[in-house]
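Colleague: In case you want the letters, here they are:
Number of protein chains: 2
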Amino acid sequence: MASPEIDALTQALARLPGLGPRSARRAVLHLLKKRETALTPLLRALERVSESLSVCSTCGNVDTADPCSVCADSRRDDRLLCVVEEVSDLWALDRSRLFPGRFHVLGGRLSALEGVRPEDLSIDKLVGRVAKGGIDEVVLAMNATLEGQTTAHYLAERLETYPIRLTQLAHGLPVGGELDYLDEGTLAQALRARRPVA
Amino acid sequence: MASPEIDALTQALARLPGLGPRSARRAVLHLLKKRETALTPLLRALERVSESLSVCSTCGNVDTADPCSVCADSRRDDRLLCVVEEVSDLWALDRSRLFPGRFHVLGGRLSALEGVRPEDLSIDKLVGRVAKGGIDEVVLAMNATLEGQTTAHYLAERLETYPIRLTQLAHGLPVGGELDYLDEGTLAQALRARRPVA
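Keeping their order, the protein sequence lines are chains Z and A.
Read in our numbering, the first sequence has 29 at position 29, and its numbers run on one by one without any break.
Read in our numbering, the second sequence has 8 at position 8, and its numbers run on one by one without any break.
Heads up, a few of these hints could be off.
The list cannot tell twin chains apart, which means a pair is met if one copy fits it or any two copies do.
[Unchecked claim] Below are the SDA-like pairs computed for lysine to any residue, each with C-alpha atoms no more than 20 Å apart in a straight line:
no., residue 1, residue 2
1, 132, 150
2, 33, 95
3, 33, 11
4, 132, 162
5, 33, 50
6, 132, 64
7, 33, 3
8, 132, 184
9, 34, 8
10, 33, 43
11, 33, 181
12, 125, 139
13, 125, 177
14, 34, 47
15, 125, 108
16, 33, 158
17, 34, 24
18, 132, 122
19, 132, 194
20, 33, 114
21, 34, 65
22, 33, 14
23, 34, 44
24, 33, 57
25, 125, 80
Honestly, the hints are just simulated from the structure, not real lab data.
Note that the structure is predicted; figures quoted are calculated from it, not measured.
Could you build the full structure based on these sequences and the hints that come with them?
Modeller: This is how it looks when you write it as structure tokens:
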């Protein structure tokens, strides 16, 4: 019934996580009815992000500038580095504003099942950052999953020769929990109780 | 943490029905990570809709052409007219492809509480369409709410002088409805409108 243009928009929205065909249709109707207050602002926001989108060449964060806003923030502590699996993890930790240091995004986790090897992740770059010196502590903030912990172990081995304190998030994380889904209170606890890698 | 551009996009998405701040953030991350397969298609789809969006001057449907695809469809029966409150109702009825006629969107419902009067709705236009002739039956497909039914009564009065058949959607048990779970209003309606077993 709807025109091809509207169908295309519905399908593009339905592919977003958290939206299905039904909610996408509701969203499209909302956009069509509120052209000035909904459609145009969303279009402009997408345009601006699309024009300026970039991956930070230092930490791997996705932002509209390179270096990203985290790396460019001079108030952050250069001696603290937090390693995370995904950009969403960085955002989740940074939302709580509890970590005053820098970040490093691996771009995934080691996984025999999915065939993800060390060279598929941003690990050499991480080792390079640490090797350059000036970092006192590296926090391994992997997910509390089997693969996350495997990745943390691997990173601990790769980094053990450097004069840094290696820590990991405290086991306040529920088993199987993923950072992006946790409440800030749990994240805060886990950060506060971080401990040396055994 | 995120740049102003990304924040603006998150906020624009969070205002869509069915998305909150958290799911909007996940959607934005998805868009940022899948630039070619998610962000660009969504942007293009929004652009095309934004360029061509219009309200049908005949029926009030929102589409990318005027007259809309329903009014322009020559296979539809001009003698059948279905009156609905909102564009979303038109889409819902048309998705089922059960109604072969034309539509008329009121743009709301009469409501003393919200101060919606007859002149705020597309009622004069509806009367005009009926007065022009050529219509055999008008289906009042208002919601089964107090305000929807008030609106239907008002429309019935406005249209009673014209030589048309005025009908409304049947009220009763929804398909799959179980007596034990249905409200008393629905049960009362279903009982009142009971009909002989075929």
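Colleague: Going back to the hint list, which numbers does this structure go against?
Modeller: As far as the earlier hints go, 1, 6, 8, 13, 16 and 19 are violated by this structure, in ascending order.
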